[in-house]
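Undergrad: Chains as they are written, first to last, in this note's numbering: chain U, 70 to 337; chain G, 7 to 375.
FYI, nobody ran anything at the bench for these hints, they're computed from the structure. All C-beta atoms, glycine included, are put in the ideal place defined by N, C-alpha and C. Hints should not be assumed to be uniformly reliable.
To give an idea of the chain G side of the interface with chain U (calculated C-beta under 10 Å), a few residues [what the hints assert, rightly or not]:
| hint | residue |
| --- | --- |
| 1 | Asn43 |
| 2 | Glu51 |
| 3 | Ile61 |
| 4 | Asn88 |
| 5 | Asp92 |
| 6 | Lys183 |
| 7 | Lys262 |
| 8 | Asp263 |
| 9 | Ala280 |
| 10 | Gln284 |
| 11 | Lys288 |
| 12 | Ile307 |
| 13 | Asn308 |
| 14 | Phe362 |
| 15 | Leu371 |
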Amino acid sequence: MKIDPGKKELLINLLSLVGFVLLWQTVLILTREGIFSIPFIRLRDIPTPVETWHALLGSMFTHIYGPALTYGIYNHVFASLERVIEGGIIAFIIGVPVGIGVGYSKLIGNIFNPIIEIVRNMPPMAWIPIAIFIFVSGGSIFIVFIGVVFPIILNTIQGVRSTDERLLDAARTLGASESMIVTKVVIPSAFPSIMTGLRIGLGVGWMAIVAAEMVIRSPVGLGYFIWNMGDLGRYAEMIAGMIVIGVIGYMMNISILLLQRRFIKWAD
Amino acid sequence: MKNSMKILFIVTLTISAIFVAGCLQSKQTPETSAPINLVKMSGQEMIQKLGTGEISGFIMWEPYPAIAVTKGLGRNLILSGNIWKDHPCCVVAYDEDWYKATNNSDEILKRMALVQLKSVEYINNAKQSDSKDHDELINFTMQFGAMTDPVAANMSLADVEFVYNTNVPGATTFIQKIQDFGIFVPEKWNQSGYKNASDYANSLVTNNYVDWAINNKDANLSDISLKEPVTVRYGYLINDIHELPFYVGWQKGYYKDLGINISIGEGAPFQNGAFEMQKGFKANTIDIGSLGIPPVIIHRINSNDFSNDDARVGVIAGMNNEGSVIVVASNITSLKDLSGKTVGFPGPGTIQHVLFLMAADKEGLKVSY
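Start from the sequences and build out the full structure, keeping to the hints where you can.
TA: Below, the structure is given as C-alpha cells:
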C-alpha cells in the first residue's frame with residue numbers, strides 16, 4: 070500500500086500529539102499510584118489531560134457563581150488578542166518606515182543604529198515595571214509594541230538591503246526618482262521580509278502580553294486568568310489556559326504564513 | 007499539503023464556532039447592571055492607583071485603608087464589620103508535616119497560643135491613648151505596617167479587633183461561602199472526605215492550645231518556658247496590621263521568654279495568603295504562620311495532595327476579627343456607584359474577596375474578575 074507523503078507527514082504529526090497526551094496521562098497515573106517520582110518536582114499536583122480537558126470546557130464560557138461572574142476563557146482570549154493586535158499595528162506603522170529608512174539610507178542608518186542596537190536588547194519584560202508607572206492605561210499594549218517593533222525593524226532593514234542591485238540600477242537607468250525607487254522597487258522587494266518580521270514580532274508580542282498581564286493589572290487577559298486560577302489552587306484551569314495560549318500563538322503564526330503565501334506571489 | 011490545509015480550516019472553523027457560541031451564551035445572561043471589576047493588586051498599588059483615578063476603590067486589610075484616607079486619596083465606604091459582624095480573619099496556623107516531625111510540637115503550640123494571648127492583651131491595653139505603652143504600640147504599628155504617619159497608625163488600630171480565640175462558627179460560615187461560590191475543586195473536596203462545612207471546620211481548628219494559654223496566662227513566662235529552646239520558621243503577610251500580635255510578641259521578646267526562637271521563613275513576608283499556603287506551608291519552608299482563614303480553607307483542599315497531605319495545616323488561635331475596609335474615591339457614595347468600575351482586591355480567595363462578594367450580594371450587584 071502506498072501512502073502519499075503529505076498524508077504520511079500529517080499522520081506522524083497527529084500520532085506525536087496523541088503520543089504526548091498518552092505519555093502525560095501515563096506518567097501522572099504512575100505518579101499517583103506511587104510507582105514513579107522525580108525528586109524536587111511535585112508531579113502529583115499536575116492535572117491529567119482528562120482533568121485539563123474538563124477544566125477547559127468548564128471555564129470556556131462565562132459563569133455566575135452567586136454574586137461572582139467569572140469570565141470565560143474566550144473573553145480572556147479576545148482581550149489578549151486585542152492588545153496584541155493594537156500593539157502590533159502601532160509597531161508596524163512605526164517599524165516599517167524606520168526599517169526602510171535605516172536600510173536604504175546610510176545616514177539614517179548611522180543615526181538610528183546605535184539606539185536600535187541597544188534598545189532592542191532590552192527584553193519586553195524589562196519594560197513592564199516602567200510601563201506600570203508611566204502609563205495610565207494601555208501599559209500592556211506598550212509591552213507588545215516593544216516586543217513586535219524590533220523584529221519588524223530588523224527584518225525590514227534586511228529586506229531593504231537585499232534588494233536586487235540590478236533592479237535598482239535598472240530603475241535608475243530608466244530615470245526613476247528616489248521616492249519612486251523606494252515605493253516601486255525597494256518596498257515590494259522587502260515586503261516578504263517585512264511580513265516575516267511581523268510574524269516573528271507577533272510571536273514575541275504574544276509571549277510578552279501574557280507576562281505583562283500577570284504584572285500589569287486588568288480584569289481580563291490570559292496572563293491574568295492563569296495567575297488567578299493559580300491563586301485559587303485550580304491547577305487544571307491554569308494548564309487549560311496555558312494550552313489555549315499555545316494554540317492561539319500557533320494559529321497566529323500559521324495564519325500569517327498562509328497570508329504571506331497567498332498574497333506575495335513575487336516572493337518565490 | 008492540501009489535506010493539512012483542510013484540517014487547518016476545519017480546526018479554525020471549530021474554534022470560531024466555539025467562540026461564537028460563547029458570545030451568544032454570554033449575551034443570553036440577564037444583565038441587570040454592569041459588574042464591578044475586581045482586579046488583583048498589592049496594597050501599595052491600590053493606594054497609588056486610587057490616587058491616579060485608575061481604580062474607583064479597593065478592599066484591603068489595614069493599614070492600607072488608613073494610609074489612603076490620611077493621605078486624602080479616598081474615604082471609608084464600608085468597614086468589614088458592617089458586612090459581617092465579628093467575622094473571623096487572620097489566624098495562627100501550623101504545618102502538619104512539621105507537627106508530626108517534631109517531638110514536642112504540642113508544647114510549642116501551647117506557647118505560641120500563649121504569646122498570642124499576651125500580645126493581644128498588651129495591644130488592647132496599649133490601644134487606649136492614656137496607656138503608658140501607647141507610644142510604643144504606635145511605633146510597633148508604624149514599623150510593621152511601613153507607615154510614617156501616627157494618625158494612620160491610630161486609625162488602622164481602631165478598625166481591627168485583635169483576638170486569640172478561634173472562631174469556629176465563623177470558619178464554618180466561610181467554608182459554606184467558599185463552597186457556594188464554587189471555589190473548591192469538586193474532586194478534591196470529595197477526596198477530603200469531609201461531610202459538610204462544620205465537619206471541615208472542626209477538623210481544621212484545635213482549641214486545646216488556647217485553653218492551655220488561658221489557664222497559664224498569669225504564670226511567669228520563664229517558669230513555663232521550654233527546657234530546650236527551639237527554632238520555628240515563621241511566615242506572615244506583608245505589612246498586615248492584623249498580624250500585629252505576632253510582631254509585638256517578637257519585639258517584646260515573649261517568644262524568646264518561652265523558649266521559641268523565631269526565624270523568618272523563606273519567602274516571608276508573603277504578598278497574600280494563597281502564596282503563604284502554596285510557597286510556605288505546602289513547600290515546607292515555614293512551620294507556623296499567620297494568614298487569613300479563607301486561603302487556609304481553600305488551599306487545604308485545592309492545593310493539597312491527599313496522598314501525603316502536604317498542604318494540611320491546623321489552626322490553633324485567632325489573630326483578629328474584622329479589620330478590612332472598602333475605601334472609595336470621593337465621587338463614590340454607595341456600593342452601587344461602583345458598578346462598571348474597577349476595584350482593587352488582594353487576590354482571589356482572600357478574606358477581602360469573600361467579604362466584597364458578600365457586600366455585593368447584599369446589594370444585588372454582580373462582580374467580575
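Undergrad: Hints broken by the structure, by number, lowest first?
TA: Numbers 4, 5, 7, 8, in rising order.
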